[in-house]
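K.L.:
Protein chains in written order, with our numbering: chain V, 1 to 319; chain A, 1 to 451.
Some hints here could point you the wrong way.
[Said to hold, decoys possible] Listed below are the simulated EDC-like cross-link pairs for lysine to aspartate or glutamate, each with C-alpha atoms no more than 16 Å apart in a straight line:
1) Lys85(A) <-> Glu215(V)
2) Lys186(A) <-> Asp127(A)
3) Lys449(A) <-> Asp75(V)
4) Lys333(A) <-> Asp130(A)
5) Lys323(A) <-> Asp86(A)
6) Lys333(A) <-> Asp191(A)
7) Lys111(A) <-> Asp75(V)
8) Lys448(A) <-> Asp180(V)
9) Lys347(A) <-> Asp52(A)
10) Lys290(A) <-> Asp130(A)
11) Lys111(A) <-> Glu450(A)
12) Lys325(A) <-> Asp115(A)
13) Lys347(A) <-> Glu321(A)
14) Lys333(A) <-> Asp59(A)
15) Lys247(A) <-> Asp180(V)
Derived by calculation from the structure, the hints in this document are not laboratory data. These figures come from a predicted structure and were not determined experimentally.
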Amino acid sequence: MTATTQPRTAELAPGQAKPKKPLKVQLKGQELAERKFARKLITPALVVAILITQVPFVVTIYYSFQNWNLARPQDRSFAGFDNYVAVITNGAFLPSLWATIRIVGGSVILSLVLGLILAVLLDRKFRGQALARTLLITPFLVMPAAAALIWKFSLLDFNTGMVNYGLSFFGIPPVAWNTDHPGLTIVFTLTWQYTPFMMLILLAGLQSQAGEVLEAADVDGASALQTFRYMTLPHLRTYAELATLLGTVMMIQVFDPVNIMTKGAGDTKTLPYLLYERAFIGQQIGEAAAYGVVTVIITIVIATAALRTLFKVFTEEAR
Amino acid sequence: MTRTKQRRLGMASLVTGFALAVSGCAGFGNLANEPGVTTLTLASVNNPQMQDMSELLGDFYAQHPNIKINLIMMEENDLRNAATKDVATQGGQYDIMTVGAYEVPIWGQNKWLTDLTDLAASDPSYDVGDFFKPVRDGVSFDNRLYAVPFYGESSFLMYRKDLFEQAGLTMPERPTWDQVAEFSRKLNNSDRAGICLRAKPGWGEMFAPLTTVVNTFGGQWYDMNWDAQVNKPGFTKAVQFYLDTLKESGERDPASFGFTECLNLFSQDRAAMWYDATSAAGSVESKDSKVAGKVGYVRAPVVMTKNSGWLWSWNLGINAESKNKDAAWQFLKWATSKEYAHLVGSKLGWSQTPPGTRASTYRIPEYREAGGEFAPLTAKIMSEVNPKQPGVAPQPWVGIQYVTIPEFQDVGNQTSQAVVDAISGRSTLAEALDKGQKIAERAGENQKKEG
Numbered sequence: 001m002t003a004t005t006q007p008r009t010a011e012l013a014p015g016q017a018k019p020k021k022p023l024k025v026q027l028k029g030q031e032l033a034e035r036k037f038a039r040k041l042i043t044p045a046l047v048v049a050i051l052i053t054q055v056p057f058v059v060t061i062y063y064s065f066q067n068w069n070l071a072r073p074q075d076r077s078f079a080g081f082d083n084y085v086a087v088i089t090n091g092a093f094l095p096s097l098w099a100t101i102r103i104v105g106g107s108v109i110l111s112l113v114l115g116l117i118l119a120v121l122l123d124r125k126f127r128g129q130a131l132a133r134t135l136l137i138t139p140f141l142v143m144p145a146a147a148a149l150i151w152k153f154s155l156l157d158f159n160t161g162m163v164n165y166g167l168s169f170f171g172i173p174p175v176a177w178n179t180d181h182p183g184l185t186i187v188f189t190l191t192w193q194y195t196p197f198m199m200l201i202l203l204a205g206l207q208s209q210a211g212e213v214l215e216a217a218d219v220d221g222a223s224a225l226q227t228f229r230y231m232t233l234p235h236l237r238t239y240a241e242l243a244t245l246l247g248t249v250m251m252i253q254v255f256d257p258v259n260i261m262t263k264g265a266g267d268t269k270t271l272p273y274l275l276y277e278r279a280f281i282g283q284q285i286g287e288a289a290a291y292g293v294v295t296v297i298i299t300i301v302i303a304t305a306a307l308r309t310l311f312k313v314f315t316e317e318a319r
Numbered sequence: 001m002t003r004t005k006q007r008r009l010g011m012a013s014l015v016t017g018f019a020l021a022v023s024g025c026a027g028f029g030n031l032a033n034e035p036g037v038t039t040l041t042l043a044s045v046n047n048p049q050m051q052d053m054s055e056l057l058g059d060f061y062a063q064h065p066n067i068k069i070n071l072i073m074m075e076e077n078d079l080r081n082a083a084t085k086d087v088a089t090q091g092g093q094y095d096i097m098t099v100g101a102y103e104v105p106i107w108g109q110n111k112w113l114t115d116l117t118d119l120a121a122s123d124p125s126y127d128v129g130d131f132f133k134p135v136r137d138g139v140s141f142d143n144r145l146y147a148v149p150f151y152g153e154s155s156f157l158m159y160r161k162d163l164f165e166q167a168g169l170t171m172p173e174r175p176t177w178d179q180v181a182e183f184s185r186k187l188n189n190s191d192r193a194g195i196c197l198r199a200k201p202g203w204g205e206m207f208a209p210l211t212t213v214v215n216t217f218g219g220q221w222y223d224m225n226w227d228a229q230v231n232k233p234g235f236t237k238a239v240q241f242y243l244d245t246l247k248e249s250g251e252r253d254p255a256s257f258g259f260t261e262c263l264n265l266f267s268q269d270r271a272a273m274w275y276d277a278t279s280a281a282g283s284v285e286s287k288d289s290k291v292a293g294k295v296g297y298v299r300a301p302v303v304m305t306k307n308s309g310w311l312w313s314w315n316l317g318i319n320a321e322s323k324n325k326d327a328a329w330q331f332l333k334w335a336t337s338k339e340y341a342h343l344v345g346s347k348l349g350w351s352q353t354p355p356g357t358r359a360s361t362y363r364i365p366e367y368r369e370a371g372g373e374f375a376p377l378t379a380k381i382m383s384e385v386n387p388k389q390p391g392v393a394p395q396p397w398v399g400i401q402y403v404t405i406p407e408f409q410d411v412g413n414q415t416s417q418a419v420v421d422a423i424s425g426r427s428t429l430a431e432a433l434d435k436g437q438k439i440a441e442r443a444g445e446n447q448k449k450e451g
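Okay, chain V solo, but in the shape it has when bound (with noise of 0.2 Å):
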C-alpha cells in the first residue's frame, strides 16, 4: 500500500495543503468479500484486546460500588455511591492530588530545564561524546526502587550522605531531608531519573534542526543566544512538549521513592501511593477502586484539556 500511496504525495506541490478529507472508496464484489472476511479474521483479536484493556476497567467501576474491606468479608455488599461520598468527605483526596501536581509539575519542570542544557551540551562534536551521552543517561535505566535506595542511603542520609558532605563545604549544618523536606526528597529522585529522558528527546530535535537555517541566522548576523532565542526554542517547541507530554505520564505513576522513602509523610502521598494505601493497607477494596475510577476521570479530563490547547503536537494547525 505504502509503495502506491508514496509517490502521491511526493506529487503534491510543497506547500499545498493536503486533502482534508481522505477519498471515500466504494468497494464492491469480490474486494467486499475480502474486506468482510478479514474482519472475521481480525475479530478474536478485536475481542481479545477489548477484553484485556477495558475488563479491568469495568470490574475496577463495579468494585467501587460495593462495600468490600477485605478483613470483613462478611460484610460484603452494595454500597451505592457510599465509597465515592467517603472519597470527597474523608479529605485525604484534594491533598493527594495536589501532592501529585507539585511533585510531578516540579520534577517534569526541573527535569525538562536540565534536560535542555545537557541536550545543548551534547549536541556538538567532542572527543567521548558517546561515552558522555551513556553515563548521562545512565540513571534512566536505573530501577526506581534502586534510584530510591541510592538516593536515600547514599545521597541523602543526614550521617553519611553525600549531600550532605557537599553542603558542609559551604559552611551549610547538614541537613534532614526526609523528614524536613520530604517533599524536595521525592522531586529530587524523579529529577535525578527523568533528566536522561528528557535529554533524550530534545537532543532528537536539536539533531534534526537544519543546518542551514544555523548557518543562515549566522551569516545574519544573529549572535549565538539570539540563534538558540529565536531558531532553535521555537523549533524543539513540540519536542519539548513530547518529553513533557511523557515524562509526565510516566511520572504521575511514581511509588517507589514514596514508599522507600517518605512512607507518604509531609505532603508526599502521591495518587499512586494513597491508592496503594487504601486498597493494601487500609484494605478497602471499594474505596480503593472509587479512588481509581475518580482519578481516571479527573486525568481524562485534564489530559484532553491540555492536549487540545497547550500542545501544538496534537492539534493540526501545527501541520
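Since the structure of chain V is already known, use the hints to place chain A on it.
P.N.:
Using the frame of chain V, we list chain A on its own:
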C-alpha cells in the same frame, strides 16, 4: 474460493480464536497427585527462620513419608494479602499459613483458622504448657488456640556498656523512660545519637515501639467501649515524650529511621542506646557489627507499668477450609516441637534456633552458650509481658503494640504519618493526634457494631 466457503472459514477461525482465548483460563488443575500421598500447601513468610525450616524438611519427610509439603515463600506484605484473600474468600488454596500475632485473633474470631486447642492438648509430648504464656495468649481468642508459635520476640533496651562506663553512668536493671532520656541527653554528641527510636511512618515501624511507650505512660488506643483515646492525655504525653527525646538526643532525620536503619546506626557505633526488638541482638552481636561485645541489655523502659516489652510471634495456623487438617497438624507439631529446636541447633547452628516460643529451648545448654547475654533475658521478658493488659487501663483486645482489629493497620499507619508531620514541625502534636483520633474513631465505630 467461493463466498460461502470464505464465510465458513471465517466462522471457524472466529470460533477457534474464542476457544483459544477462553481456554487460557482453564488449564492445569491437578498436577500429578501420587496415590496415598497428601500434599500440603504452605504459604510462608520468607524470613530466615522459615528458610531454615525449608532446608530441614527432609527430617519431616523421613518421619512422614506420606506427606509432601508444597512450600510457597512470600514477602511479609504479599503473604498477608495473599493469605487474607484466601481465608476471607474461603478459597482453601493454602492448608497451612504463617500468620502474624496481629492476625491470629482476628482470623480466629472469624473462624478462618482451625481451632487447635484439643489437637494440641491431645498429645502430652507436645507440651503446650512449655510455650511462654504471653505468646500462647497472643495467638488465642476466647482461650482457644488458633495457631502455634514458631518463633517470637519482645522488645528491650540495648545500650553501650563501654560508653556508659566512660561517662560514669550506670544502667539500672529496670530503667524508667525518664532515666533513659537523661542518659540519652548525656551521651548525645555530634557523632553519636543518644538513642535510636523508630520514627519511620507505619503501624509496624514507628508504632511498634511507640505504642509500648503509650501503654506505659498510661495511654491506649481504645478503652473498653472501643472509644478512641488517641488525643487523650496519656497518649499525648507519651508521644510528646517520644518526640522530645528524639529532638533532644535522638537520631537525626528520624522520619528515615525504621528497624533496619536503626540497626545500621547502632551497629556502626553511631548511637549509644537503641530500644527495639529482642531479635535485633543477634545482628548487633554478629561479626559485621562494630559494637559486638560492647552491648548490654535491659528490660524495656517503663513509667507507670511494671513491664513494657512488646510481643510479636510468627505462627503456623491451619486454614479452616483445608481438607487435610490431620496431615497439616502433623506438620505443625513437627515444626513447633521441642525437638525442632534441637534439630535446627545441631544441623544449622545454635544461633539459628527459633527463639522466643518455648521455655525448654532456653534450657538447652548449647543454645544458652550461643545466645550470649541476651538469651536468658529474652526468655524472662517473654514470660513476663502481659498482652491481655499491657497498659494501665484494661483493654478489650489481646495484644501489646497493636490492636487486633482489621482497621488497625490503617489507623496506625495514618496516625504515624501525622506524627511525622509533628516531628518536622509541619503541624502541632495536638493537630496530628486529633487527626489520628478521627481515624481511630471511625474504626472504633465498626468495632462497636460488631461487638
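K.L.:
Check each numbered hint from earlier against the structure, then list the numbers of those it violates in ascending order.
P.N.:
Failing hints, ascending: 1, 2, 6, 8, 10 and 13.
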